[in-house]
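S.K.: This note's numbering numbers the first residue of the sequence shown as 195 and each following residue consecutively.
Hints were generated in silico from the structure; no laboratory data involved.
For each residue, glycine too, the CB sits at the ideal point set by N, CA and C.
One thing to keep in mind: the hints can contain errors.
Once the Cα atoms are required to be at most 20 Å apart in a straight line, the calculated DMTMM-like pairs of lysine to aspartate or glutamate come out as [said to hold, decoys possible]:
(1) Lys570 / Asp410
(2) Lys417 / Glu404
(3) Lys417 / Glu566
(4) Lys417 / Asp405
(5) Lys672 / Asp635
(6) Lys672 / Glu496
Label pairs and their calculated CB-CB ranges [unchecked claim]:
(7) Pro668 / Ser400: 40 to 50 Å
(8) Pro522 / Leu655: 16 to 26 Å
(9) Leu289 / Gly576: 19 to 29 Å
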Amino acid sequence: MGASASLRRPSSGRDAGWLVGADLFAVALAFIGQIVLTHALLAEHYGWMVLAIDLFASFFLIIDLGLPTLLARDGGRVPELVPTAIWRIYRLQLLVSAPFVILALLLRPAEWINLNPPFLVMLFAGLIALVHVASYAPRSGLRVLGEARMEAVTKVVERLITTLGYLALYFIGTTSVVAFTFVFFVGASIGWLLALALVMFRAPASTGHEDWTSLDPSWASNKSLLYAALPFAITLGVLPYVVRIEKFMVAGSQGSEVAAVFHVAQLAWLAGLVVPAAMRAALLPVLGASRGDPVLHHYEMEKAADMSFGLLPIGLYGGALIVAIFAPIAFPSEYLDTTYGASAVDLFFVLLFGWAMTLMATPTYTALMAGENSWKFTQFIGLVLAAAVVLGWLFILVMPSNATQRLYGAALASSLSATILLFISWAMSGSFQHVRQRSDDWGLMMLCTTFAVVGFVTHTLWWVFGLPLFMFVPRGWKAMRSTLG
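Let the sequences and hints guide you as you build the complete structure.
M.R.: See below:
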């Protein structure tokens, strides 16, 4: 490993800028890849691939153990320990991975959602999930070293290789779902190895003395480290289902073809979620470092809130415009008409409200992650998942009687879950006082976002009444500029 000439420090605005930009570019590549897949594969085979990857991503994420999250929170205090911490994390993750792999073989979770793809699709989907888990520690390491730009590069490289692989298979006429899944595995592996190499190269030279308590007292022993990470580990075991529970319910009740339509609707929505995800990734080290200073912590929270308000109208209207124009050009007609029950575009418009609520919850959500009591964040995610399960059960499994109602019910359940996430994050982070201080902003945001989404869904001019949201953009830009450096 090599020492950098001048050590960079994490910066929420600068790092969020790099991560948002790279994630949006990577998502654009991923979007192209999904377009290729929908044209190259039958709807059933496409459903197999996306459901298998999502299933194992959900099942294996607990192997993460929450340790990269602790590294992101604490690593900035002693940057020279970051590489050693990554190898320590890998040793612990390796110890717990074998039981979960065996458990996956015994439980056969694919059968829970009536999924029966070829064995190799399941194998590569499982390997993709494991490689992605392995990539989290070095990417967290780059972030705490102030090298979010390099983390961004690894994400773009991973997606570029995957998308080019998809295009190569498409142009040679391959229609094998196994081949496309293997290409995804290759791209993920290269992205992980590149991140690992970069973090080892950019980290400061080790002093040879490993004082783990300088990171945090919890790093003193593996036992205390695992205990400190346990809330995040439990959370990571639960969190994927918050996003995917509706898709799994649709697949179990209507089959992989209908689930594929919902997945297409989620593509642009998931693309939009990279914005709050990147903000959260950039905020976590900053809020972790400032949690002992209430004044600085409040200052960072206010800047993050301003950035969220400023990004909201751009994502809301930009996303709606892009999907309305390009989805009919990009995707086969069966995903956009009522062949399988509903149009993916109309479902996306319903999902947009949930995207807005998730974006606005980013500061308070991240504050819970960075707080002293990690179990509070676990409780938070547990409550959100419980709400998502109940809403999904009602709007997908109980109330609907056909595929159309189930698809719209799934989109509505997702948006309502995100709204509950916002309200619970306010309550559990102790932010109601700050919300009340900006009640006019929050009230305007809720009202205008509702008008905009209703207009998009009904194809009427109600969306015009959402345009006042753009008044937040200058303040959001000012907040982001104040953190650049």
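S.K.: Against this structure, judge whether each hint is valid.
M.R.: Hint check results:
no. : hint                        : verdict
1   : Lys570 / Asp410             : holds (19 Å)
2   : Lys417 / Glu404             : holds (17 Å)
3   : Lys417 / Glu566             : holds (18 Å)
4   : Lys417 / Asp405             : holds (16 Å)
5   : Lys672 / Asp635             : holds (16 Å)
6   : Lys672 / Glu496             : holds (12 Å)
7   : Pro668 / Ser400: 40 to 50 Å : holds (45 Å)
8   : Pro522 / Leu655: 16 to 26 Å : holds (21 Å)
9   : Leu289 / Gly576: 19 to 29 Å : holds (25 Å)
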